[in-house]
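Asker: Residue-level listing of the chains:
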Amino acid sequence: MYGKGIIKGLGVTLKHFLDTYVDDIRVGKKRYTEEGVAYRSSKDVRGLFTVQYPEEKLPTPEEFRFIPFLVYDEGEDGEKNIRCTSCGICSKVCPPQCIWIVRSEDPETGRPIPEPSDFFIDVDVCMNCGMCAEFCPFDAIVMGHDYELAVYDRLANNIYDKDKLLKPAAYYQAIRPVNYRIQAEARAEKEAKKATAQSKKEA
Amino acid sequence: MTETTLAIANDIEARFPQCVTPDERGGYEGYLIEAGKLVEFATALRDEFGYDFLSSVTGVDYLPDEKMEVVYHTYRSTGGGAFVFKVQTPRQTPSVPSLCGIFPGAEFQEREAWDLLGIHFQGHPDLRRILMWEGFEGHPLRKDWKEAYYESDAKPFDSRWPVGEIYRAEDENPFKGNVVYPQGFDPDKWTPEGETALYAGMHEVETDEAMHTDQIVVNLGPQHPSTHGVFRMVATLDGETIVKLRPVMGYLHRNHEKIGERNTYLMNIPFTDRLDYLSSMTANWGYVQAVEKLLGPKTAAPERAEYIRVIMAEFTRISNHLMAIGALLNDLGAYFTPMLYALKERELILDIFEATAGSRMMCNYYRFGGLARDLPAGVYEKMRDLAFERLPRQIDELDRYLTENEVVIARCEGVGVLTPEEAIAYSAVGPVLRASGVPYDVRRADPYGIYERFDFDVAVRYHGDVYDRYLVRLDEIRQSIRILQQALDDLPEGEIMAGKPKYSMRVPAGEAYGRVEAPKGELGFYVVSDGSANPWRYHVRAPSFINLTALSKMCEGDKVADAVIILGSIDIVLGETDR
Amino acid sequence: MPEELNSKGYDIPPEMQSLVAITTLDKIYNWGRRYSVWPMMFGLACCAIEMICTAAARFDFSRFGMEIMRPSPRQADLMLVSGTVTKKMVPQIVRLYNQMPEPKYVVAMGACACGGGPFKEGYNVVSGIDKFLPVDVYIPGCPPTPQALLFGLMKVQEMIDTQSLKEVRWYQKGELPAIPVPILGPDLIDPRDYPEFAEKLAKAQAEVTEPEGA
Numbered sequence: 001m002y003g004k005g006i007i008k009g010l011g012v013t014l015k016h017f018l019d020t021y022v023d024d025i026r027v028g029k030k031r032y033t034e035e036g037v038a039y040r041s042s043k044d045v046r047g048l049f050t051v052q053y054p055e056e057k058l059p060t061p062e063e064f065r066f067i068p069f070l071v072y073d074e075g076e077d078g079e080k081n082i083r084c085t086s087c088g089i090c091s092k093v094c095p096p097q098c099i100w101i102v103r104s105e106d107p108e109t110g111r112p113i114p115e116p117s118d119f120f121i122d123v124d125v126c127m128n129c130g131m132c133a134e135f136c137p138f139d140a141i142v143m144g145h146d147y148e149l150a151v152y153d154r155l156a157n158n159i160y161d162k163d164k165l166l167k168p169a170a171y172y173q174a175i176r177p178v179n180y181r182i183q184a185e186a187r188a189e190k191e192a193k194k195a196t197a198q199s200k201k202e203a
Numbered sequence: 001m002t003e004t005t006l007a008i009a010n011d012i013e014a015r016f017p018q019c020v021t022p023d024e025r026g027g028y029e030g031y032l033i034e035a036g037k038l039v040e041f042a043t044a045l046r047d048e049f050g051y052d053f054l055s056s057v058t059g060v061d062y063l064p065d066e067k068m069e070v071v072y073h074t075y076r077s078t079g080g081g082a083f084v085f086k087v088q089t090p091r092q093t094p095s096v097p098s099l100c101g102i103f104p105g106a107e108f109q110e111r112e113a114w115d116l117l118g119i120h121f122q123g124h125p126d127l128r129r130i131l132m133w134e135g136f137e138g139h140p141l142r143k144d145w146k147e148a149y150y151e152s153d154a155k156p157f158d159s160r161w162p163v164g165e166i167y168r169a170e171d172e173n174p175f176k177g178n179v180v181y182p183q184g185f186d187p188d189k190w191t192p193e194g195e196t197a198l199y200a201g202m203h204e205v206e207t208d209e210a211m212h213t214d215q216i217v218v219n220l221g222p223q224h225p226s227t228h229g230v231f232r233m234v235a236t237l238d239g240e241t242i243v244k245l246r247p248v249m250g251y252l253h254r255n256h257e258k259i260g261e262r263n264t265y266l267m268n269i270p271f272t273d274r275l276d277y278l279s280s281m282t283a284n285w286g287y288v289q290a291v292e293k294l295l296g297p298k299t300a301a302p303e304r305a306e307y308i309r310v311i312m313a314e315f316t317r318i319s320n321h322l323m324a325i326g327a328l329l330n331d332l333g334a335y336f337t338p339m340l341y342a343l344k345e346r347e348l349i350l351d352i353f354e355a356t357a358g359s360r361m362m363c364n365y366y367r368f369g370g371l372a373r374d375l376p377a378g379v380y381e382k383m384r385d386l387a388f389e390r391l392p393r394q395i396d397e398l399d400r401y402l403t404e405n406e407v408v409i410a411r412c413e414g415v416g417v418l419t420p421e422e423a424i425a426y427s428a429v430g431p432v433l434r435a436s437g438v439p440y441d442v443r444r445a446d447p448y449g450i451y452e453r454f455d456f457d458v459a460v461r462y463h464g465d466v467y468d469r470y471l472v473r474l475d476e477i478r479q480s481i482r483i484l485q486q487a488l489d490d491l492p493e494g495e496i497m498a499g500k501p502k503y504s505m506r507v508p509a510g511e512a513y514g515r516v517e518a519p520k521g522e523l524g525f526y527v528v529s530d531g532s533a534n535p536w537r538y539h540v541r542a543p544s545f546i547n548l549t550a551l552s553k554m555c556e557g558d559k560v561a562d563a564v565i566i567l568g569s570i571d572i573v574l575g576e577t578d579r
Numbered sequence: 001m002p003e004e005l006n007s008k009g010y011d012i013p014p015e016m017q018s019l020v021a022i023t024t025l026d027k028i029y030n031w032g033r034r035y036s037v038w039p040m041m042f043g044l045a046c047c048a049i050e051m052i053c054t055a056a057a058r059f060d061f062s063r064f065g066m067e068i069m070r071p072s073p074r075q076a077d078l079m080l081v082s083g084t085v086t087k088k089m090v091p092q093i094v095r096l097y098n099q100m101p102e103p104k105y106v107v108a109m110g111a112c113a114c115g116g117g118p119f120k121e122g123y124n125v126v127s128g129i130d131k132f133l134p135v136d137v138y139i140p141g142c143p144p145t146p147q148a149l150l151f152g153l154m155k156v157q158e159m160i161d162t163q164s165l166k167e168v169r170w171y172q173k174g175e176l177p178a179i180p181v182p183i184l185g186p187d188l189i190d191p192r193d194y195p196e197f198a199e200k201l202a203k204a205q206a207e208v209t210e211p212e213g214a
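Protein chains in written order, with the working numbering: chain A, 1 to 203; chain B, 1 to 579; chain C, 1 to 214.
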């Protein structure tokens, strides 16, 4: 019969339309909670699903990567212990070469100090690939989750310097709990090994 | 050298004594052919030895040897390994006979080699620039050609560390732009070349029509809602019928290969994401496969990594085909509803990519010898939900919604027909080739990864029209779901990386051609290493680009409105077409 | 029109004269405009796919009054430069911008459109569309996720809110000059460079030859 296919198609569209409301009613008030978002993008849902950004946001998965940031550990007196040793691996591995590091030097001896005196990332070049974080041996550079970065003036804002890049380790732990735990454990293990080796040497 | 090529090696050497010599450089394969005998040799190869499918043509600039080389990769359309042959030509006046007469699929690839490397192909029907514009100065892929922002031959650049005082490259350039002009350029004396070469032969095309009518030349694109990006077609119309059509590309030419030759091997992986940005996982795989071939068997990926590679590639295929079907229906005028439903499922696949690889589109997930990271908690269950329940259900729904629709049938059936012989001759790949009745799928014809272990059918249809290309994509989604279900059931535990990940490494000298069945067709990477940390030559055999060779063939004789859906049915992505 | 509105014979202190009627009118005017920003259906590269996703059901920018994407520049208010701007494409982009009627806004979406992105060093890539067009909002990211794009679009709306009828460029006297379309020569030529072309050319060529000699 001519037109059968079109009627079938319209039926599918109508079903979609109704299913969307059925889903809404089924979820009820939980709709705007994280649980509701998870449910509405699960396999059981048949209707359409819209995230009501900015009121609600999609949960960001841990591995999500956007613009990298530098991690510092907070000292007891509130001083910032930057993890970065300015070894330069991130700037060597960066595919578009958007990381610029100024290594600090001891003014007297002229030998390098393991802390960058400046650190720049050109956000207009960065491709969010995450290579820097992947190959950093000190877990000092991490891919951030903050994507709300739109600006009116790029020339003034889009080169991130050290101050803008630094974020506390607590923040890192908050956005990437699993990675943070694994890395902390690995570091602790390494240090324990070092300590035993040291004590053996001394003995 | 593969077994099949060994078997015919003696025959070929006997047939062409003197002018065919095996390529004996370390790490290289195939034969060197004398330029004068090339056409005769290629004809014999196609007709007598059965290598009827020309996969890739590209040039290499061997600057230290003062030589240019053109490399051809041919296959049998019934399956099997590659037969590689090369022609060398002096670098000062590079000139090689064109193979367009024997393999029409060489047309665009030879034009690209002319554009980027300046190799002249004698007897080419239409040797114009293809990616850059006519009048551009120089041939950019030559090793001694330098661009405006040139800093050094190889990354990493020294200016970044240890004294990395940041500057913007444009501030260093007097024009504040990414431009460089030839010595002695005077804008007052210069006249633009314009597009006379493009329009030459487009006006007043001879037709068989008894009644003489006025023809008009119409440009579709580069800004056109249905060209899937910045693609342009110049069509000569007789009434509503297309009598001649020329695709114009290069509007998204991002110098992938030039940048790729400056990058280290690892740096190229995220760049391959941006080739076919709808299916970055398969692009990763193709490149990683080529480099793994160079690195040798010690970098073979562990079992679990091989499984995850297949799973990710098949999810990519599904998400790409969903987008392709949605976009095709958009082009048909079913504005946004089918796209909406297709994108709804695609979003769920992207969620998996985002949770695993870190980004929705630019996955950067494959590494030499494994993967970047293991599946995080909860992702496996999500994948199972999708592969076993949601996707089969939703694909059936899409099928119900579209396949029998009378408008879809009326618009698509019998439009843009490509016969099997033409499809092979034009080097068409992927769904375009399989919709023409050629059951050629790299996963079966020349298996890679662990595809041999899975039970699936090669989707094939026989009419070669737009409707069959749509159906092939739908079939392929179903086959991908089958593979996914098997792979997810068998997914073993274990390591995901062979050895320790290294950020910089030297790759043994030689050449390798890695190819995978990307959603759009055979995606090949030709990598030449000189033993350093950066590839000497890095070439992408892009399926979208080469499938377009057949576009004018498919469009001529059809209506102008059909050109849009024929283009949609080829499913191009401009990032890959223009690179 | 603003002049008429502001001279109604009330006794308004001189410093306030230009503001009273306009502020209310501005609010209505901007409220109307902020919820009817029609983007041009115009995709360049990878970011365009994220733009399509933003238009689709899950993120749905029609919630912001942007559902009607116009393929024709004549009917569009917002140009989303979504992807790498190549030299071959830039004449067309400038031409499209010139064809858009005022008021018009430009959003540079993604690293490439902002400043060249990862492909910046390439010979066919323009380092940011702001070299040619006045960009209003820059959205970093490669590519920005749909939510990042929505955030950027909200920034455009905020920007519209701050505009005043009296100051906006499209109600000023005289015609707004069109942006000269770049020319494809041996490399991209910006017509605005013509006055100092010879001087710049000499400088550029000195720079190119110097490092080789050194």
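Just so you know, not all the hints are guaranteed correct.
Calculated lysine-lysine pairs in the DSSO-like style (CA-CA distance at most 27 Å, straight line) [claimed, not checked]:
id, chain 1, residue 1, chain 2, residue 2
1, B, Lys-502, A, Lys-194
2, C, Lys-200, B, Lys-189
3, B, Lys-146, C, Lys-200
4, B, Lys-189, C, Lys-131
5, C, Lys-203, B, Lys-176
6, C, Lys-104, B, Lys-176
7, A, Lys-57, C, Lys-131
8, A, Lys-167, C, Lys-104
9, B, Lys-189, C, Lys-203
10, B, Lys-382, A, Lys-30
11, C, Lys-166, B, Lys-176
12, B, Lys-502, A, Lys-193
13, B, Lys-500, A, Lys-190
None of these hints come from the bench; they were simulated from the model. From a predicted model like this one, the values you see are computed outputs, not experimental measurements.
Asker: Which hints, by number, does the structure contradict?
Answerer: 7, 8, 11
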